[in-house]
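K.L.:
Chain residues, written in single-letter form:
There are 2 protein chains.
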Amino acid sequence: VKISKLGEFGLIERLARIVQPSDADDVIVGIGDDAAVWHSGDRFVIATTDTMADGVHFLSKNADWHAIGWKAFATNASDIAAMGGRPEYALVTLCLPPDTDVANLDALYEGLRECADACAARVVGGDIVRSPVMTITVAVFGRAGEQHGEPLLLRRNSARVGNRIAVTGTLGDSAGGLRKLQEADESHPLVTRHLRPEPRIAHGTAAAGAGVRCGIDVSDGLLQDVGHVCEASGVGALVRADDIPLSNDLRAAFPDDVLELACTGGEDYELILVGDVELLARLDPPVTIIGEIVGDPERRVRLLDAAGNEINYERQGWDAFR
Amino acid sequence: VKISKLGEFGLIERLARIVQPSDADDVIVGIGDDAAVWHSGDRFVIATTDTMADGVHFLSKNADWHAIGWKAFATNASDIAAMGGRPEYALVTLCLPPDTDVANLDALYEGLRECADACAARVVGGDIVRSPVMTITVAVFGRAGEQHGEPLLLRRNSARVGNRIAVTGTLGDSAGGLRKLQEADESHPLVTRHLRPEPRIAHGTAAAGAGVRCGIDVSDGLLQDVGHVCEASGVGALVRADDIPLSNDLRAAFPDDVLELACTGGEDYELILVGDVELLARLDPPVTIIGEIVGDPERRVRLLDAAGNEINYERQGWDAFR
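Sequence lines, in order, name chains H and V.
What the first sequence shows, in my numbering, is residues 1 to 322, in sequence order.
What the second sequence shows, in my numbering, is residues 323 to 644, in sequence order.
Everything labelled a hint here was simulated from the structure, so no lab data went into it.
Every residue, glycine too, gets a C-beta built ideally from N, C-alpha and C.
Counterexamples of contact, computed for chain H against chain V with all Cβ distances above 12 Å: (1) 169; (2) 184; (3) 198; (4) 206; (5) 243; (6) 247; (7) 286; (8) 298; (9) 299; (10) 300; (11) 302.
Per label pair, the in silico range of CB-to-CB distance: (12) H/319 - V/332: 38 to 46 Å; (13) H/282 - V/436: 46 to 54 Å; (14) H/319 - V/618: 55 to 63 Å; (15) H/62 - V/436: 38 to 46 Å; (16) V/436 - H/319: 28 to 36 Å; (17) H/146 - V/531: 25 to 33 Å; (18) H/63 - V/439: 35 to 43 Å; (19) H/41 - V/533: 17 to 25 Å; (20) V/439 - H/308: 51 to 59 Å; (21) V/423 - H/310: 33 to 41 Å; (22) V/470 - H/150: 26 to 34 Å; (23) H/26 - V/607: 21 to 29 Å; (24) H/99 - V/621: 27 to 35 Å.
A few chain V residues that don't get close to chain H, going by computed Cβ distances all over 12 Å: (25) 486; (26) 560; (27) 576; (28) 580; (29) 581; (30) 608; (31) 632; (32) 636.
Just chain H, with the same shape it has in the complex (with noise of 0.2 Å):
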């Protein structure tokens, strides 16, 4: 069988249950979450790391250096983020083939440690090998915030008929910000939401901090990831289309498919929060709420019109294999 008939989820499914344990001991979050969460000593540890290659996440031959690696260290401050912690450590990892320039690469270490400045993290290690593409793997380690001994973490599987659905800042811009890159607009003010993805780390502690148990990244899509939460809970979704908060450059510049982006771009690194309404409406800073957790055997997740009915997109999100 090959992978592609699988699926990334299908996949990922399989190989977790060679690996894991039998037994739960001091490991908190395996596979399946954002990050994995582990118990040492008097802290709790998140980690995470997160990939990308030549010729699928971006094109070395048309590369914007700085913004690799940016955007390679903010994915993995996003799943810790996600997590409800904050990123501390990481390890980066380069494939490299021997023709690589090393201008290129001082442009992606500076990257790198900028957004790890702005995380108030650093980069104390890794390894560079020869392969004949070029990948970027980054591995994060974080840590949770913590109450009488116990995590305070947003987990996907902790969504409860009844809560609501809430997200940070705007959708879509950075499939916006992509369109606009493969179009050759590259000073639109799209593109730095594509390239330079901030990391929610305030959003994603202040609710863990204020009680909320709920959370994810918007890495694959809005409708994919709200159903990965869905999937995890087993519970169904409703999202309605009219309170997704969109920005106005992302109206201007598509304002026919404005809906569909911010519904299925991916990418955007926005926080979605899961949690009692009363928790979500006092955050700060403030988040939007989209929708309800409501039962579901089938775990759908339906996105509705002003009148109540499904709107129905045939690609719901990102699947790496598909």
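Start from chain H and add chain V according to the hints.
P.N.:
Only chain V this time, still in chain H's reference frame:
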């Protein structure tokens, strides 16, 4: 400037300068040792990462996937052992072409888990992305022993003039095993030493606990790895060819090249331990003393035969880009 000009170690030094923090605070070991070490609450965390790429570290067309999984974990666990610590948790990142057969990945993960089990560690997360070339990156987190609030570490920079140089196990077997594989003699006993190296965790923790302060693992090749110690410590080294421990299998298989394989072959994942002769002689499991640290502003590693004459090999070990 192409990175093939700088070489692996010049490149690491250059990139480290970009991300190296100016202040020390919680980072105890940064870029430039086998692993990074930082202080986290009441523990000392050791973290490392290693990558294997198709076409460089293995050939997917003709691969023993179980062995690749074992080795991907073992090389990382060896880096933790070389710092004197114990591995605890791992993240696994796979870059995969979409036509990858899932049965191969099952075997890869079984090998990973088997080596993790042997090290009392476990896989808790990771990332899977699409890529034109397959790579496997493992990041392993462990902990150092400690005494009076200080970590017990084996550092590259802690060799002192008058120290002895010792090694665990026998050297050159991995390089011999690789040759046997290339000769299609797959059932030769040396092949296992190449495909399934055993991280020397017990040796490393015993040495660190006994007061040894300097170590590194044999990944690039004995002479080159002793060279890394000399470089970091500002010393020179004498290695006595007749004292290097060699297996009977290797002597029998390659009687003419046995010394060169042992000195430059690499990938043995044995430990080099440097310290006072009394400390090294008392270690359990035992080690073999092969040389000593000398004053040398040029930081040379000299290999001497029984008559005291220097032996020179053109190639001292592995550089990813040369």
